[in-house]
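Chains as they are written, first to last, in this note's numbering: chain A, 1 to 146; chain B, 1 to 82.
By construction, these hints were calculated from the structure, which means they are not laboratory data. Mixed in with the good hints, there may be bad ones.
[What the hints assert, rightly or not] Selected chain A positions facing chain B (Cβ under 8 Å, derived; list incomplete):
(1) Gly34
(2) Glu49
(3) Arg117
(4) Pro119
[As the list claims (entries may be wrong)] Covered by chain A, according to a simulated footprint, are these stretches of chain B (three or more residues, beta-carbon under 8 Å):
(5) 3–9
(6) 73–79
Glycine included, C-beta positions come from ideal geometry on N, C-alpha and C.
One letter stands for each residue in the lines below.
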Amino acid sequence: MRIAVQPAAFDPSAEAGLFAAGVSGAGALVTFTGLVRDLSGRLSAMEIEHYPGMTERAIRAIAEEAAARWQLIDVLVIHRHGRLAPGEPIMMVATAAAHRAEAFAAAEFLMDYLKSRAPFWKKEVTADGAEWVAAKDEDEAALWRW
Amino acid sequence: MIDLLYFAWVRERIGLPREGVETDAATVADLVAELRAREERYALAFADLSALRVALDQELSEFDAPLAGVREVAFFPPMTGG
Numbered sequence: 001m002r003i004a005v006q007p008a009a010f011d012p013s014a015e016a017g018l019f020a021a022g023v024s025g026a027g028a029l030v031t032f033t034g035l036v037r038d039l040s041g042r043l044s045a046m047e048i049e050h051y052p053g054m055t056e057r058a059i060r061a062i063a064e065e066a067a068a069r070w071q072l073i074d075v076l077v078i079h080r081h082g083r084l085a086p087g088e089p090i091m092m093v094a095t096a097a098a099h100r101a102e103a104f105a106a107a108e109f110l111m112d113y114l115k116s117r118a119p120f121w122k123k124e125v126t127a128d129g130a131e132w133v134a135a136k137d138e139d140e141a142a143l144w145r146w
Numbered sequence: 001m002i003d004l005l006y007f008a009w010v011r012e013r014i015g016l017p018r019e020g021v022e023t024d025a026a027t028v029a030d031l032v033a034e035l036r037a038r039e040e041r042y043a044l045a046f047a048d049l050s051a052l053r054v055a056l057d058q059e060l061s062e063f064d065a066p067l068a069g070v071r072e073v074a075f076f077p078p079m080t081g082g
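Take these sequences, add in the hints, and give me the full structure.
So this is what it looks like as structure tokens:
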């Protein structure tokens, strides 16, 4: 299990390759990469604040729960903080399991929990100013299915 | 002495990332009441508790939770990671 909370950019395909190379006995690998979205075309940057210490603990607890629940062979979570440009990778999860159903379910669970249980806060910066991204009700509702 | 940490717009409204307080508050809600009474910027930051989350010693908690033995209290809006 690797948890990385970092300001530095990462290369999702290189990370996926490293993850795959370190796993043995898996029948399925799932990777997901989240990018800085710019729906309006006006975003100049995304600033991500986090709670050092709690962030790593919270992500580890979420990853450990996923690993136990879906018998994962390995799990990777990378999440950036600081100032990011539109289109840059923000975060990545990778799961390795015996079968694809477990690997997909665990990756979705990780994503749902990272969204609303890991202490990150996004702020969108445009030419008109900066605004905190509000949490969505559906992100909270997404946790109920687990 | 308890360390208080503020994140995102809570930090911006209060104007500080962290501070230490001496308090006899029994619960988080009691502590919030003390902070609100201090100054307008605290009253504004803590106006609507439904818009806030709290962590005690880096674990998510509730506003009715006791503070006994707690060293670090963090206040922040709902998280927007991922």
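Worksheet item: Within the assertion that chain A covers the stretch 73–79 of chain B, do at least three residues meet a Cβ-to-Cβ distance smaller than 8 Å?
Response: Per the Cβ count (5), the hint holds.
Discussion item. Quick check on the hint: A:Pro119 CB to chain B CB, less than 8 Å?
Written reply: holds, 5 Å
Worksheet item: Given A:Gly34 as an interface hint, is the shortest Cβ-Cβ distance to chain B below 8 Å?
Response: holds, 6 Å
Discussion item. Just to be careful: measuring from the Cβ of A:Glu49 to every Cβ in chain B, is the smallest value less than 8 Å?
Written reply: Where the cut-off is 8 Å and the nearest Cβ of chain B is about 6 Å from A:Glu49, the hint holds.
Worksheet item: Quick one, is the A:Arg117 hint okay against chain B at 8 Å, beta carbons?
Response: holds, 7 Å
Fill in: chain A over the stretch 3–9 of chain B, status - at least 3 residues with CB closer than 8 Å
holds (count 4)
Checked against the numbered hints given earlier, this structure breaks none of them.
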